[in-house]
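With the hints as extra help, turn the sequences into a complete structure.
Chains A and B are the protein sequences, given in the same order. Using the working numbering, the letters of the first sequence map in sequence onto residues 813 to 1034. Using the working numbering, the letters of the second sequence map in sequence onto residues 813 to 1034.
Simulated from the structure, these hints should not be mistaken for lab results. Hints are supplied without guarantee of correctness; some may be wrong.
Note that identical chains are pooled: a pair holds if it fits in a single copy or bridges any two copies.
Claimed, not checked - Listed below are the simulated DMTMM-like cross-link pairs for lysine to aspartate or glutamate, each with C-alpha atoms no more than 25 Å apart in a straight line:
1) 883 <-> 902
2) 843 <-> 902
3) 844 <-> 902
4) 929 <-> 824
5) 843 <-> 864
6) 891 <-> 902
7) 858 <-> 824
8) 949 <-> 1028
9) 856 <-> 989
10) 929 <-> 894
11) 929 <-> 956
12) 856 <-> 880
13) 843 <-> 859
14) 953 <-> 967
15) 953 <-> 825
There are 2 protein chains.
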Amino acid sequence: MSITVYDLCGADEGLRFSPTCWRTKLALSHKKLAFDAVATPFTKIKEVVSGEAKTVPTIVDGGEQINDSFKIALYLDEKYPDAPSLFGGEQGVAAAQFVQNWTNSQLGPLIASLVIKDIHDVLAEPDQKYFRESREKMIGKTLEEVQAGREDRVENFRTALAPLRMTVGAQNFIGGDSPVYADYIVFGTVKWLMQIAQFEVLAGDDPVKAWFERIDAMYSGV
Amino acid sequence: MSITVYDLCGADEGLRFSPTCWRTKLALSHKKLAFDAVATPFTKIKEVVSGEAKTVPTIVDGGEQINDSFKIALYLDEKYPDAPSLFGGEQGVAAAQFVQNWTNSQLGPLIASLVIKDIHDVLAEPDQKYFRESREKMIGKTLEEVQAGREDRVENFRTALAPLRMTVGAQNFIGGDSPVYADYIVFGTVKWLMQIAQFEVLAGDDPVKAWFERIDAMYSGV
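Here is the structure:
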């Protein structure tokens, strides 16, 4: 039976831009598991996800619901040990945790400062209202204020990618010869920016761009 | 037979402050291998290390010389597979590479900007001359200029540790329940700063400080 993934969408249901949902979809693909990615706008999440956590990605596999992209990846490696491994064991889990912490703390806020208003603009109207209110309350500024002057910050984003650039300049993936869950963590976050940004995110000769395109091509059907 | 490690020293031969030599000494200790750490000033490296690479750490194990801390760690896991693993397999190697790239690109330059003149000051006179000339040529500024105004940059260093802080705030080590080579990579670099700095590097309640002290206590005999 196919696994269900509740997958964040924009006003256009075909636009699936959530960084963490990308991580989950690539993790499922890596494990060669069939899944249905169900378009889920922000304001419908509470209708499809049960329990305390009201976020996507959430997957339903058989009768079981798992929430949170990292927990989903752990679940998949445990539940489907014969399928290609996402972590390659305990040390891989620990390392992926570090990569996720790096991605979320060093790239996440910079990306928000580049496109937070643009994200708002691709949402359906009720989701726009929710997104603006929740984010402005969290940050203490309007979305327009956060995004203002972003031209000067594109270079900061590229600079922040230095550890990834050094890594994938010397080997094809963070995982070495083939991608692992740590690759999907960063990929999901860069993909999010790539889908929303109407400007050149990465220079043409950036090894990060080549890495991104390698993974994008591997999972072009997702 | 004991392994020899050529280990950078200051004017005081007991002062061993090189971040990469720390990585190697902790890797050897992790593998429970006996070693002699030979005090080696900058200007004596070329006398003890043969071949093209003229840097420390270099180890000599039996007749074999291995240069470069990362290559030494790989060598040790391969040569001594029955001793506790540093990487836990291929994914661990790939992940450690990422952690090293993060450490060297995000922490290394900040630390240099905090203590480069202080490093100079702990060296013996011929090493001071070599260090000043080579570093000033590389950077295009005097050591004094690089270090000036450092008070304002201690906070930048603490901020740059965010991904490590998130990781070791939630688990004891980057490696999870016990330290792995990725831990020693960052530890060596923080130890370097700790040994040289005459100011408070980490706040008392910083999880990074607790992590540092955990590893320092484990290897207090090194």
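Subject >> Unsatisfied constraints (hint numbers, rising) >> reply: When the structure is compared with the hints, numbers 5, 8, 9, 10, 13 and 15 turn out to be violated.
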